[in-house]
Amino acid sequence: MLHRCRARELRLQPELTEKLEALFAPTEMHSTKACLQGHNGTVWTNDLNHPTAAQIQVGNAHFFVGDCQYADELLNNFNEYMCATVFDDQWKAIIEERFKNRFSIDTRTVFEHDPAHFDIAKLSRLANDLPVGYSIKPIDLNFLESSELHSLIPITGPQYKNAQDFLTRGLGYCVLFDGKDDKNEGEAANCEPTQAQMVGVAASYNNYDDGIEVDICIDGAHRQKGLATAVCATLILHCLEQGLFPYWDAANENSVKLAQRLGYKKAGVYDSYYIYRFFEQD
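The numbers in UniProt numbering rise by one with no breaks, and the one at position 161 of the sequence shown is 161.
Mixed in with the good hints, there may be bad ones.
DEER-style ranges, computed between Cβ atoms [unchecked claim]: (1) V132 - E97: 30 to 36 Å; (2) D72 - E21: 21 to 27 Å; (3) R125 - L12: 44 to 50 Å; (4) P26 - T168: 28 to 34 Å; (5) D271 - G243: 19 to 25 Å; (6) E18 - K265: 43 to 49 Å; (7) K122 - H50: 18 to 24 Å; (8) D271 - L240: 26 to 32 Å; (9) D119 - N76: 26 to 32 Å; (10) R169 - R4: 19 to 25 Å; (11) G226 - L2: 27 to 33 Å.
Calculated pairs, DSS-like style, for lysine-lysine (alpha carbon to alpha carbon, straight line, at most 25 Å) [as the list claims (entries may be wrong)]: (12) K225 - K257; (13) K180 - K225; (14) K137 - K180; (15) K19 - K122; (16) K266 - K122; (17) K265 - K122; (18) K92 - K19; (19) K225 - K137; (20) K137 - K122; (21) K122 - K225; (22) K225 - K265; (23) K137 - K161.
Quick caveat, the hints were computed from the structure, so don't treat them as lab data.
Idealized CB from N, CA, C, for every residue including glycine.
Generate the whole structure from the sequences, applying the supplied hints.
Okay, here's the thing in structure tokens:
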């Protein structure tokens, strides 16, 4: 029988938390800290007093460690799909045998957690390097109530239960476009002002005691204009000013290049399994 604890319940169980931290420590995965530090997520374990196997879920990300004899039970703890990360060959073999044609493997990149790598002057230049017609604003209640924001990033969800929770624990910035660019600026000057359109967001996806995890999305019609660089630089500067570290985990090469442009240094790569409970042909 497995035991389940939500992240905030772990704050009331320091002895269990310490033992779970020891289980996950060799993985060096910062995402697990969101749960172990009591911010977001859920943990399952085989034993509350002497845990030897455990699973942490934060959003759709799942991390498995420990004794493989509990794999069958632990691997049931997801809905339609999950992004599963394991750390030894036994767990990998179990996943590949159990889910067979229902998974794909994705290689992700992690970066060093050293604020000294950031060049504040460079970040300030990048944050202000916006094309004509674009601006960056902090996410406030009005933006959180906008459907435009949630079509880009579903901020209120597994990590933040509502807008007020995000305003209390999260932070982020959005990119606005007023409809005037350098091609039509002269014509637009004689037109009635239009409401600015939200075309990008950089915001916290997870919370940690010492920082946040960065989530970024730019509308497809507004990419290749430096907007992701500018809004992420703005968010990173905010974090550094507040003594927070902006953790970054890259799912593709574009994300790696953006992170390096902002000052991050690669630390390594790891594989995750994207697992689907059912396929249409099942």
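Are any of the numbered hints broken by this structure? If so, which, sorted upward?
Hints 1, 5, 6, 7, 9, 11 and 15 are the ones this structure does not satisfy, whereas the remaining hints hold.
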